[in-house]
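Trainee: Read off the chains here:
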Amino acid sequence: MVVARTELLPIRSESDVVFVRQQVRAWCVELQFSLVDQTKMVTAASELARNTLVHGKGGTVEVQIVEDAERRGLRMLFEDQGPGIPDVDLALKDGYTTGTGMGLGLGGSRRLVHDFSIHSQPGAGTRVSVLRWK
Amino acid sequence: MERIPILRMGDFLLVSIQVDMHDRLALTLQDDLTRQIAETGARGVMIDISALEVVDSFIGRMMSHLSSMARVLDSTTVVVGMQPAVAITLVELGLSFKGVHTALTVEKGVRYLEQASRGSAKGRAHGRRSH
Amino acid sequence: MPATASTEFTETLRKNRESLLSDWAREITTMLSRHKDLIRDPELKAQCSEFIDQLMKATQGGDGTNIQGPAWGPLRDLLGKISASRAVQGFSPSETATFVFSFKKPLFTLLRQELGQDPELLLREIWSANVLLDELGLYTTEIYHKSREHVISRQQQEMLELSTPVVKLFDRVLALPLIGTLDSARTQVVMEALLKEIVVTGSEIAILDITGVPTVDTVVAQHLIKTVTAARLMGAECIISGIRPQIAQTIVHLGISLTDVITKATLADALEIALDRIGYRVVETATKA
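Chains as they are written, first to last, in the working numbering: chain D, 696 to 829; chain Y, 484 to 614; chain W, 19 to 307.
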């Protein structure tokens, strides 16, 4: 898998979250995602950017166009140096049932993308990587 | 500070969300609406989201809360104009929209509000007043 | 260390790069004369040139001749791109692999030139190079097939979109007769088509008729429920009709919960419910004498 293009965006304020949504939308349009897939990606970006801001106390997202031999996709890497998530499995579950659990929207976001991975340790920040192929 | 305008339509309040809201703006809207329902005694609230291309869990929860608070104030809420892509995404997201009534268009939303409010205490009181 | 991973091999390639390149390009053009118009000379030369460069880098990358290793990544990506473009242009799999296999002749000729004095070494080098090029050639075939599959699945998708009609049964009532198996891809298409029609026609009720769906398992049921939920979020109700007795049994047996959804055995029953919901009643008028 090759990274064809990349852009690093700060997530330090609410307006940054809005900007992330707009940028992700623009990249989805460029990759010619269907409207539904665009919506899924932008929504996932919104959820994860908010997490980064609210729980992670601010961080960054790297938005990338990735390619392999036969397809292109959009990858987003969210990173923060915040308190981390003590029980990732639980967080992934909570996002599913009511959306009011830890409010992390992680479980939901996972269903909106093709590939999802998360690394988080208390005291060591959180990294979430999501990818959607065209 | 920017605010989303709330229109008065007879006994109902109408909000049309046209911008990509940041979280604080959404919360301000929630507060403004709740306050106005209380102040005006509105029997119903319509939230038009036909221009919203993204509804995430935060906005979804905001609308759920608003609906609950409106109910406590004896007012009905209806959310209209949800775009198909948004609906599909919300289902995947797993967001529970229970307690929030939805309608396809503003007209159908108004019809729903009129029916619903006729059955409410306010509606009955209103009915009696007009005789 | 395998012979082809030696620095001598790389040196041999580097020293004779130009002659190797032109020999190889000539070889390919002869073997692929059928497609002379599809690959222009400069483009082919560029591809061959880059292949040789990447090959030199890869053999020095520390992964020996394991072409799945990271050092071989760039070369794999190059072959992948070439392969995918050949697939789209209509080359056959063998013609695509020819790009790599045709490199053998010029390479072995070169090796014989350089190492002719030492038959043992020559044999080892040729064998090593042969195995390597075979693997690379097979890799191009794999990518070729994946690309073709991609094209086919896209065409299938387009056919799907054409074959899922949403029908307006009545004012504000839509019907979606589903025929055939409901997999994920199909359901996406169907769901989007239905929801779009709901908006366009302002229909508050959609009847999903599954008479033509052979089996309903938990996956299919989940898809149906997702469709119903999405419609409901927008402000429309769905009724599922055409539930055959066997399907009803399967649903109960699998413990699928359809309590949130109205289900009816026939489309006719569903239509009756729908009309009632939107405030219509069917009345028999006086018959002609």
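Keep in mind the hints are simulated off the structure, nothing from the lab. One or more hints might be untrue.
[As the list claims (entries may be wrong)] With a straight-line Cα cutoff of 25 Å, these simulated SDA-like cross-link-like pairs (lysine to any residue) come out:
| # | chain 1 | residue 1 | chain 2 | residue 2 |
| --- | --- | --- | --- | --- |
| 1 | W | Lys99 | D | Thr701 |
| 2 | W | Lys244 | D | Thr701 |
| 3 | D | Lys829 | W | Arg299 |
| 4 | W | Lys164 | D | Leu726 |
| 5 | W | Lys99 | D | Val783 |
| 6 | W | Lys244 | D | Trp828 |
Trainee: May I ask which of the numbered hints given earlier this structure violates, with the numbers listed in increasing order?
Mentor: Structure breaks hints 2, 3, 5.
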